[in-house]
Amino acid sequence: MKLECQERTRHDCLRILDGRDTALEPLRQSELVVVGGTGFVGTWIAEMVAALNDGYQFGIRLSLLSRSTDQFSNRLPHLANRADINLIKADVRQLGQFPMNADWVIHAAANPDVRTHASNPLDTASVIVEGTMSVMRTAERLGRLKKLLYLSSGLVCGVQPASEKGLAENAQGAHAPDASFIYPNAKRFAETICSAARAQSRIPVLVARPFSFIGPYQSLDTPWAQTTFLSDALRGHQIRVLGDGQVVRSYLYGSDAAYWFLRILTAGPSGDVVNVGSPVGITLQDLAKEVAINFESSPEIMFNTAPRSAGRSAQLLPDTTHAENEYGLSVFTPLEEAIKLTVQWHRMMQSNQARI
Amino acid sequence: MEHSQIIRISDPTLRDGNHAVGHQLSAEHIAAYCKAADAAGVSIVEVGHGNGLGASSLQLGESKTPDHIALATARENLGKSKLGIHVIPGFATIERDLKPALALGVDVVRVASHCSEADICERHIDFSRSQGIEVWGCLMMSHMISPTLLLEQARKMESYGAEGVVFMDSSGHFIPEDVRLRVETLVNGLGIAVGFHAHNNLGLAIANSIAAAAAGATLLDGCARGFGAGAGNAQLEVLVAVLERLGYSSGVNLYKMLDAADLAAKNLIKEIPSITSVSVVSGMAGVFSGFIKPVARIAKEFNVDPRDVFFELGRRKIVAGQEDIILEVAKELAERATKGNL
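The listed protein sequences derive, respectively, from chains A and B. Counting along the first sequence from 1, when you hit position 263 you're at 263 in my numbering, and nothing is skipped either side. Counting along the second sequence from 1, when you hit position 85 you're at 85 in my numbering, and nothing is skipped either side.
Mixed in with the good hints, there may be bad ones.
To be verified - Take a look, some chain A residues computed to stay more than 10 Å from chain B by CB distance:
1. Tyr56
2. Pro77
3. Val114
4. Ser119
5. Asp178
6. Ala179
7. Asp221
8. Leu242
9. Gly245
10. Gln315
11. Pro334
12. Glu336
Unchecked claim - Capping the alpha-carbon separation at 27 Å, the derived lysine-lysine pairs in DSS-like fashion look like this:
13. A/Lys289 <-> B/Lys256
14. A/Lys289 <-> B/Lys80
15. B/Lys82 <-> B/Lys317
Hints listed in this document are in silico derivations from the structure and should not be mistaken for laboratory results. Each residue gets a CB set at the ideal place from its N, CA and C atoms; glycine is no exception.
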């Protein structure tokens, strides 16, 4: 990856850590394992750990377990080749090789791509449910384990009532047996497995519920609103908004999210559940406009005429009061800045690819 | 009667109509009809082989006009109307067919599969979407699965990036209540637009299309003079008139649409689609309307009743692309008849 892209992500991490590094002191000289560690979250955690080690001499040893370590090595040699980062190729369901000296474990293994959920619902459920069972069985054998953080999903909270500003951690999604709900249903069951592991095996596990993110390392191939708008604009196309553009979502920048996860891991009590995301909502219409203003060509914004059905949630926002009050967390990178940084990063990546 | 609902019209006269003439529409036909449909204000004009892009073959029938000429001709003669294509993965590949088609200026890609096989559309939808093209999913032969299962398949297309899903009554089997149930299920379960494509085997294409609109569909297909496979499609100029009568807004100029239909009748259509005895049976049996001509031909060859062939094809749940089974069925029926006579 081009040096200026690396510098950008490093700067993003150092910007967040400035004045906040002491809150992550428990990580000093420890061993951290991220299962499912080569996706968006894992990559940002690796960036944050690298920044902590280089900038603050934390001496963290990080292991990233994933089925996709080869692609990670090819894509991100500046992380893969570091002496303090260890890549372990493994399927979460068969954790034969696991660093047994792990102090901290983050279980992030799942594919959030809705296309995979639709085409391979059984595989989606298998990775989440059997994977979580496998992680808990492995955690039973970790003598030094201080805490295990399970990354669930904001989707387990169900539909946000119009009267609520955001979904709190105690919100319950309605039972929906349809295959199209395989991802939130599997995540709910995985949370239950975490609870059972805590009750039966005294594993110190807590749950983070990620909502939506934005930033470098998020594949523009994914069919989410923010990635689609960015992809359309970067390709010089019109920005196509599905529906009337009045759906409300929120986005947390990658380096913010990495800091949130590490903070919750180290500071949270076993059994806690914490929403991770931005509470600041934006309509997709305004999101498209925010993306468009970063381009001199001012891409046209097109709306699909589909009426929004009554059963669909108009907004999905986390209530982050718990994260703010108990963990001192907030949005460090405002959305306008997050979009700008993301556009710049992708442009740098594009110019790099053009030269190659 | 007043509706605030806007109905978008997609016109596959130059695609579905190709079924009715053995895929023999010429570049001149395409140019003339595109001009007329564009003048009428039709939103999308779909062009190509009856089975869509890349489907010209010995088995399915060879196109008189190759895809690239058909699309270039249409592009040249469409102004405001969007140029659409029907794409069935397998017949159309991304590299060989879709990329060149998009390069020729296609605006709307409709990626179609059998109603229970939406998975095969993922790459084609994904590719089209990544190119900034408006992309819809189409579920063909939709009478063969329940509304619940149809929604499951439509949700797959939505997850792949489709901006809307059209369900097709490919065999003209539905009655309005069937259509209403499906549209309501899709509208309530999807976050994207819902469209409907009718066939007229039971004389209900217009009634079914109106039922779809009333239930929340926002895109309707229709062909000039109903020019399409089998008993034909919803007759577009009639559909436009009825929508206008009901107060829906389609954006189509009725007089100019009537002119376009007259032009199609004069220049394109050798035989105006009608509801023959065989097409009624095709609709009842739930067999693809495009089978009417090959069934009639093969049944005659084997001296069997084409209606028996249709019911047997329906019993076997044969779908488009399995045309070779018609021969097998006709042969078996002929053998059975011979044995019965012994």
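*Could you work out which earlier hints the structure fails to respect and list their numbers in ascending sequence?*
Hints 3, 4, 5, 6, 7, 8, 13, 15 not satisfied by this model.
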